[in-house]
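Kindly produce the complete structure, drawing on both the sequences and the hints.
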Amino acid sequence: MADFLSTEWFQELNESLENAEPVPLERDAPAVRVVIEFPDAPSNGPHAITFSIGAEGARVEAGDHLAADAIVQLTFADASALTSGDIDSASALRDGRIKVRGDINSIVPLLSWLQRAHPSTS
0 MADFLSTEWF QELNESLENA EPVPLERDAP AVRVVIEFPD APSNGPHAIT FSIGAEGARV
60 EAGDHLAADA IVQLTFADAS ALTSGDIDSA SALRDGRIKV RGDINSIVPL LSWLQRAHPS
120 TS
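Heads up, the sequence shown is in numbering that gives the first Met the number 0, so the first residue is 0 and it goes up one at a time.
Quick caveat, the hints were computed from the structure, so don't treat them as lab data.
Heads up, some of the hints might be wrong.
Claimed, not checked - Label-pair ranges, simulated between beta-carbon atoms: (1) D2 with E25: 19 to 29 Å; (2) G101 with E20: 20 to 30 Å; (3) H64 with N18: 22 to 32 Å.
Note that beta-carbon positions come from the ideal geometry of N, C-alpha and C, so glycine has one too.
Pasting the structure below:
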């Protein structure tokens, strides 16, 4: 797997999202945008990524989106560990390593789909 937040990482993730099973949203449901922030990210990379998930599919891009439904904040190290499978989201939430602002209910139904769409490689 490519280095976290590298150009190759975004390409691999978006390819797996394009090839995933259909998103579990109603056809006329509005897109859900979730921003994941890492305030301590290295200055040579993005400080946030945005997942846009709609009935037509999902995509992730560098940067944040002003119309996010939810904002998830965690350290850069924890975000990297989550993407590699070194830690799991349930443990990180339970330990207070992940903070969520906004409408968490808008993303809960999509979490299991995201895990199936792009499982960790470890």
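Checklist line | Beta-carbon spacing of H64 to N18 - inside the hinted bounds 22 to 32 Å or not | finding: 24 Å, holds
Check: Do the beta carbons of G101 and E20 sit within 20 to 30 Å of each other?
Finding: 26 Å, holds
Check: Is it true that the C-beta distance of D2 to E25 lies inside 19 to 29 Å, as the hint says?
Finding: 36 Å, violated
Going through the hint list in order, the structure does not satisfy hint 1, though it satisfies all others.
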